[in-house]
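Under mature numbering (1 follows the signal peptide of the UniProt record, and there is no 0), the residues of the sequence shown are numbered -19 to -1, 1 to 473, in order.
Rather than coming from a laboratory, the hints here were simulated on the basis of the structure.
Predicted model, so just to flag it, every value in this text is computed and none were measured.
Don't be surprised by glycine CBs; every beta carbon is placed ideally from N, CA and C.
Any given hint might turn out to be false.
Said to hold, decoys possible - Dumping the calculated PhoX-like pairs for lysine-lysine here, alpha-carbon to alpha-carbon at most 20 Å:
#1 Lys173 / Lys185
#2 Lys180 / Lys45
#3 Lys349 / Lys415
#4 Lys220 / Lys209
#5 Lys428 / Lys386
As the list claims (entries may be wrong) - With beta-carbon atoms standing in for the labels, derived distance ranges:
#6 Gln91 / Ser52: 19 to 25 Å
#7 Gly351 / Ser53: 57 to 63 Å
#8 Gly351 / Gln461: 49 to 55 Å
#9 Gly347 / Leu252: 15 to 21 Å
#10 Asp136 / Ser52: 58 to 64 Å
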Amino acid sequence: MRRVSGFVVLALWAGLACGAEPTLAQRQADARKQQTELRERIQALQKEIDSQESSRRDAAQDLKASESAISSINLQLSELAARQRKTEHELKELDAQIAGQKHELGQRQQELGDQLRAQYASGLSPWTALLSGDDPQVIGRDLSYLGYISQAQADAVRGVRRALDSLAALQARSQANQKELIQLAQETAGQKASLQEQKAERQKVLERIESLLHEQRSQAQRLERNDKRLGDLVGGLEKAIAKQAEEARLAEERRKAEAARRAEQARLAALEQRRALERERAAARKAEQAAQAAQERARRLRDEKEAEKARLQVEAARAQARAAEEAAARPPAPRPEPEAVEAESIKGSVPGAGQPRLAPAGGFAGLKKGAPYPVRGDVLGRFGAERPEGGLWRGIVLRSPEGAKVHAIAPGRVVYANWLSGFGNIVIVDHGAKYLSVYAYNQSLLKRVGDIVDTGDTIATVGATGGQVDSGLYFEIRHQGTPVNPLLWLRQ
């Protein structure tokens, strides 16, 4: 609907009468009301943006912590499982070693028992051998035999002791491994419970991030709609400008044809006037000759009456000749031109029609590189860079204080000056050669559709309209409807 109103204003500029405007007091009251509503919307939007940014950062940190914790727990579970397998393997080996030691201990005990029983059954002992009174050789043989038996018994006892010590050590290691297995099982159960908690927390974080992504996608779609809306507006303006240029060209051709026709009529009228003058002069010469002849007759006749009559005839002839010369010397009265009458009537009915500034006869020449900045300020959004809300910048944002003057970058004609969704108060200037400059987010628009502007003319003031938070100017340059990098055209 606003785009239609913009074209209506453009048509009014082309020659139709403008409607009545509201009074200054009404405009000021409406402006104050719109400013209050806009500030409330901006405050609400700022709170929402701050909340979204905080939630986005918190969600990213939570997701990082949750996924890191899950990875750490999985690593610990893997290590615990490896330790558990190793401990179970060692426990099996210990069980085998314990069984072997028990078997060896039984053998040692069996051997020692056999030796003790044999010695007891034979009644041999070192003391009985010495006190027996037998042959010393027999006593020596018995003592040697007893020595062998004692050494074997001592070895058997030491073997039994070693087997008992080894068995005790193996049993202690087995008990330690069993305790470790129980502890590993408990740690594994705890880590698995933590893993389930972290997975549940990660799922919550993912759901929150998905919600944020959905909101971001909605913002990106809204920005795309705003960009399409501006593109449609620019395309419509270009069509209207081209149509207007064609109509102006046809009007110029008609004007030239009419001027040529009138010039031909004037030439023919001048030619006819010269011919009439020649006829009048011939008649005057003839009258002069007749007067001279009458005067000559008067002199010949010496008749006073004839002389007086001849004098009167001479004076009449001379007066007639002078009248003819004066009539020939005066230019013909110009005929009133329809365009002049129409221009005068339009000048009296259309406001601003009498302003001295006019468009160049050949139209505007387009843009040249090295144009001045429309407003001084830091460049925030850069052409072609990604926007925080999604999409790409098709222009630049110049951060500037509210109320700063916005200047035209080159001569041109204002073809749009109205409010546009997503861009607020916007001015579009046609510079010719299919070049347009776009000035958005303005606080106030200081030019109307159809106004001719020159380089440096103030056309608006910086604001934060269109739902913006901070004040600044959004600036675009378009050629044949396509956005181009403004920084390549502005003075470095």
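Tell me the numbers of any earlier hints that the structure contravenes, in ascending order. 6, 8, 9
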